[in-house]
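Residue numbers (the numbering used here), protein chains in the order written: chain W, 1 to 259; chain V, 1 to 259; chain D, 1 to 315; chain X, 1 to 315.
In short, the hints are calculated from the structure, not lab data.
Since the model is a prediction, treat every value here as computed from it, not as a measurement.
One or more hints might be untrue.
Lysine-lysine pairs mimicking DSSO-like chemistry, simulated, CA-CA at most 30 Å apart [unchecked claim]:
#, chain 1, residue 1, chain 2, residue 2
1, V, LYS90, D, LYS271
2, W, LYS90, V, LYS81
3, W, LYS243, D, LYS271
4, X, LYS14, V, LYS4
5, D, LYS233, X, LYS103
6, W, LYS231, W, LYS202
7, V, LYS81, D, LYS271
8, W, LYS243, W, LYS90
9, D, LYS280, V, LYS81
10, W, LYS4, D, LYS31
11, X, LYS145, D, LYS145
12, X, LYS145, D, LYS233
13, X, LYS271, V, LYS90
14, W, LYS81, D, LYS271
Partner residues aside, some chain D positions facing chain X, computed with beta carbon under 10 Å [to be verified]:
#, residue
15, ALA61
16, GLY196
17, GLY213
Just some of the chain W residues that point at chain D, by a computed CB distance under 8 Å [as the list claims (entries may be wrong)]:
#, residue
18, LEU7
19, ASP51
20, LEU53
21, ALA219
22, MET222
23, PHE224
The C-beta atom is built at its ideal place from N, Cα and C for all residues, glycine as well.
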Amino acid sequence: MAGKSFLETAVILDTRLAAERTYISRLRSPQIVPIVEAGQFVMVSFQDTLDPLLPRAFSVCDATGDTLSILYVAVGRGTRKISGLFPGEKLILNGPLGTGFPRMERGKNIWVAVGGSGAAIVPILSRSAGKAGSELRFFYGARSKSQLVPFEISAYTAHATDDGTAGFHGNIVDLMKLELKGAEPDMVFGCGPTPMLVSMQKEFGNRIPTYLSVETPMACGMGFCQGCPVKRSGDADYYLACKDGPVFRSTEIEFEVKP
Amino acid sequence: MAGKSFLETAVILDTRLAAERTYISRLRSPQIVPIVEAGQFVMVSFQDTLDPLLPRAFSVCDATGDTLSILYVAVGRGTRKISGLFPGEKLILNGPLGTGFPRMERGKNIWVAVGGSGAAIVPILSRSAGKAGSELRFFYGARSKSQLVPFEISAYTAHATDDGTAGFHGNIVDLMKLELKGAEPDMVFGCGPTPMLVSMQKEFGNRIPTYLSVETPMACGMGFCQGCPVKRSGDADYYLACKDGPVFRSTEIEFEVKP
Amino acid sequence: MPDMKVRIGDLELKNPLMTASGTCGYGDELKGYFDTSILGAVVSKSLTLEPKVGNEPPRVAEVACGMLNSIGLANIGVRRFMDEKIPILDELGALIIANIAAKRVEDYVSLAEMLAASKSVRGLELNLSCPNVKEGGIEFGTDVKTLSNIVKLVRKVFKKTLIVKLTPNVTRIEEFASAAEAEGADGVTVANTYVGMAIDIYTMSPKIHTVTGGLSGPAVKPITMAKVFQVSKSVSIPVIASGGIFTWQDVVEYIIAGATAVEIGTLLFTKPDAPGRLLKGIEEYMADRKIERLSSLIGGIRFDRDNVPHMNHHK
Amino acid sequence: MPDMKVRIGDLELKNPLMTASGTCGYGDELKGYFDTSILGAVVSKSLTLEPKVGNEPPRVAEVACGMLNSIGLANIGVRRFMDEKIPILDELGALIIANIAAKRVEDYVSLAEMLAASKSVRGLELNLSCPNVKEGGIEFGTDVKTLSNIVKLVRKVFKKTLIVKLTPNVTRIEEFASAAEAEGADGVTVANTYVGMAIDIYTMSPKIHTVTGGLSGPAVKPITMAKVFQVSKSVSIPVIASGGIFTWQDVVEYIIAGATAVEIGTLLFTKPDAPGRLLKGIEEYMADRKIERLSSLIGGIRFDRDNVPHMNHHK
Ligand SMILES: Cc1cc2nc3c(=O)[nH]c(=O)nc-3n(C[C@H](O)[C@H](O)[C@H](O)COP(=O)(O)OP(=O)(O)OC[C@H]3O[C@@H](n4cnc5c(N)ncnc54)[C@H](O)[C@@H]3O)c2cc1C
Ligand SMILES: Cc1cc2nc3c(=O)[nH]c(=O)nc-3n(C[C@H](O)[C@H](O)[C@H](O)COP(=O)(O)OP(=O)(O)OC[C@H]3O[C@@H](n4cnc5c(N)ncnc54)[C@H](O)[C@@H]3O)c2cc1C
Ligand SMILES: Cc1cc2nc3c(=O)[nH]c(=O)nc-3n(C[C@H](O)[C@H](O)[C@H](O)COP(=O)(O)O)c2cc1C
Ligand SMILES: Cc1cc2nc3c(=O)[nH]c(=O)nc-3n(C[C@H](O)[C@H](O)[C@H](O)COP(=O)(O)O)c2cc1C
Ligand code: FES
Ligand code: FES
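Turn these sequences into a full structure, and let the hints steer you where they fit.
Dropping the structure here:
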């Protein structure tokens, strides 16, 4: 269940292009930063415009001091608009929202698969693993080298690209399967495109505790609209991605297969 | 009749606060500048947003070199948004549009009444009077001193304010009536709130050639929508403010009196 | 502090701001964002006799100045609402209006009977207009006789304030409003969402699982404004406006058009703390213009009947 | 260069882009902004037998993602259109579709006869749906029998492509489309503007002289999309989509929903040079996806009939 959250007008400190079409914006957000946990998200909306109308969900990418950052790929109206804002301009943040990844514990080994904008969680997870004393290994996939954000983290990071321009030539789950032959993590986390999550659920879900951050359309992010159902496994009922998730134990949910 | 016009993506050079809530933005607009005439206007619209949806009409305030400026009072969604743009950001200009003030001739005396955002025409009129060698006198009214833009022009300028904080205490038409006792201009121009124009039509329209720049809601500014009718005098038919105007000889038009 | 009180039937609201059904869960979710007791009323999500899981995803999609939804009346059922949510709402000081939906006429009556028994439920809003359920729902709302029948039967068992929420997807909404009035409704809500649709051109699939969904948000405001105006000229019971309110100006506009109260929906998704600001804006507007009672603004539009094409149709 | 040709009746358009009636004067005004011959067709402002001065101002007002208009069919009359405008349009290389409106059934027939005589007029669009005139206009469009009668009589005198422009302000637009088809129309335009309204809260006056006006622009796109989809499933003649097209994606979306061609309206006010960019966007989309003929996209939406609530109503 979601805990306390704030609606905060946050000032943009800076925005940098971190990889192809991929930006990281840092915002001053003193209320949200101290209480956010890895895997939680913020809903971002604009002042003084009806276009876009609804807030956009972004995983918190990092949170330290009074600075919160988000990482996003500029694909549509919301992200393109955020990427074009100047330092000093304002966004409205609602957060932290949702249920993040489970607490990490000292000495535990956790493997984290990320793909595309799912890489947003790398910095915040590294930071909290550092605090908790767990061991992280990142498996980071993208279509091509140019789309990989070069994070400055100490954790081991393996890359995979569809076109073979960096790291393993192929998809990230295949790479993990290879590496899993010689090791057994305590938990697996995943954040990225749905096909990646589906494949993680299938490959690891039944043998390793696997936690997946799912992405669904969301109108509110707060449990107001019932717009973000995620099928409960073995049940006709739904979870709400925004409150019960976005991170779910992979055994709890079913992905709907498009007809 | 309107002549040639351009649709031009113009870069904002700078924006300054010129009086209370009143801004002057300068834009690089090399196609429109060389052909614009005093009293013509541009339709200004935004890239990449549906809010606001329609373009906004602004009288050309000044045009020199490749730089066009507009003067506006930040009252609504369009003007507030323009005032917040940074140098380097872009607007789309469609212009020059409409029929401006009549050509000025050497040695002629012209009195110009302006009020509120109608003051936009002061710089461009001064510039073209300078070229033509006509004598301008400006009569500039506002609610209060803080709303008067201090233009750097050589022409005689009399001020009037409703609250008496600058110049004549009262409205601009009354001031002109006083001054008219000792002089007789060849033409009178007016640009400002409709009540000012109505009163000019009534006071001077029948004895001095009087040209008024009217403001009506406009959707297109180009004669596409038929949205900007102005009643022809003594006739059931309408002119279009955007093509036949916005400047009309005061004897040609009737202002509709609200019931 | 100006007087913002308005009446619907026997019910006095401290101000005209209500939440719209289905846009703030059961109302209890609002408490994290503002003091819920400042609202005129909280309208619950549409309640059904049995819990409903709702439609398959995707259920929501953004469009220009609006959104499509097809939630399919997902809700916890009337029983759990009464047991779990009403006590919370009571504690928050919210004035509760329950919104109900059903596929069968009898079920509306059963729901109304159950809710009539709760002291905390001060009014009922009949959702006869959900465009996203396969049976009942919109059919009820687009047939005047069925509407009359449901209102008549519910009226018998529910003596407190009874509001009928109308669908806008009809040629002449006034006929439905008049039918509700004739059967004793205390007010009509104008309106539910508009049938709309959006397609992802890359996958060629509809953006909503049910293909069409309900359009809400600022996009619908001018259409709903015209309907509020028309309905308010056709009935003498209060009209509650619902559609695209995003600013305090929108609230005032609806009231001038003829609304007695308003419901805030989609706005809550973007600015969940908006109600306080809306109330403040209205207060300042009233103070600036020396309007002492908000009720004096209702239907205050200055217009000439002869100018309105639709008002001259039946001459 | 992909094949964008589409057919409406006997008429082949080089691409599906048409201008919407009343949004580019008589079409001749476009020439300052782009080469008019790139369009599939130019639709004239609604023409009446006699010139009309139109409604009193204010006639236009902006609303969220849209605008209201109440022009009242101001136009130069069919005679002057034929004498003065057709020669200009011919010279510009535009394919001309004349749009006509009238208050009396006989006048539609007279207009159709006159325009049938012009070789340059390749098609006729009947405006049975203008919401802003006091008699006729919308009344014609909201009564199936009158619509059938007009289409039948016009069909007799006009043998070229005949299109009926429908009002969206009805419960079941499919019934009107089917009636038009039954009387021999070659296509239906879905749809004209939506009855809407806006009030200036400071003067308490409507922002449009006629109080209500017609809503157009992106705001209406999802509603019109649903209607295009529904109509295209109900008739087998081409559907022409009109409502809120602002990007090339909007054009593709309508075509996937079931439209054969589209009309561009309000967009022209903001971006009068847009048609070239729209065509380029569609071309690139087709090239990227190796779609050779645009006509193969028409109605290509992937959906499951069982999911659509409205399609199950009459089961
Ligand atoms: C819990 C959660 C966390 C999230 N975290 C992040 C995050 O950290 N970073 C992030 O970037 N996003 C994140 N998202 C997604 C985010 O909320 C937005 O949906 C996304 O950024 C796109 O928003 P937009 O406004 O730019 O695009 P929109 O304007 O809303 O829509 C653009 C959409 O149109 C489609 N589209 C457009 N062009 C094309 C094309 N050429 N080919 C195919 N499809 C196309 C795509 O579906 C695209 O998403 C998250 C979502 C959720 C639910
Ligand atoms: C030919 C022509 C030339 C023009 N030239 C200029 C010019 O040079 N400079 C200029 O500034 N404008 C000019 N205008 C007007 C301009 O086009 C815009 O209408 C105006 O700037 C407001 O645009 P906006 O988008 O900011 O306001 P919008 O968002 O379109 O609407 C704001 C409107 O709401 C109303 N409003 C809002 N708040 C209040 C309030 N507190 N009290 C009363 N009413 C309120 C007012 O009517 C106000 O205009 C011209 C118009 C025409 C037709
Ligand atoms: C996500 C969502 C869910 C809704 N659920 C219901 C509902 O359960 N019952 C109902 O009567 N109306 C429902 N509505 C309609 C709203 O109550 C409201 O009438 C409509 O959204 C128009 O108002 P708005 O534009 O302010 O959102 C829902 C609307 C949305 C957006
Ligand atoms: C200013 C204006 C004038 C219009 N005049 C006519 C008209 O004369 N005849 C007609 O059939 N439709 C008329 N329409 C409707 C348009 O042709 C079009 O169907 C409608 O605007 C929806 O498309 P859009 O959202 O792309 O503008 C008019 C629309 C506008 C905005
Ligand atoms: S996004 Fe609204 S309930 Fe989850
Ligand atoms: S503003 Fe469109 S015709 Fe004048």
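- Message: Checking each numbered hint in turn, tell me which of them this model violates, lowest number first.
- Response: none
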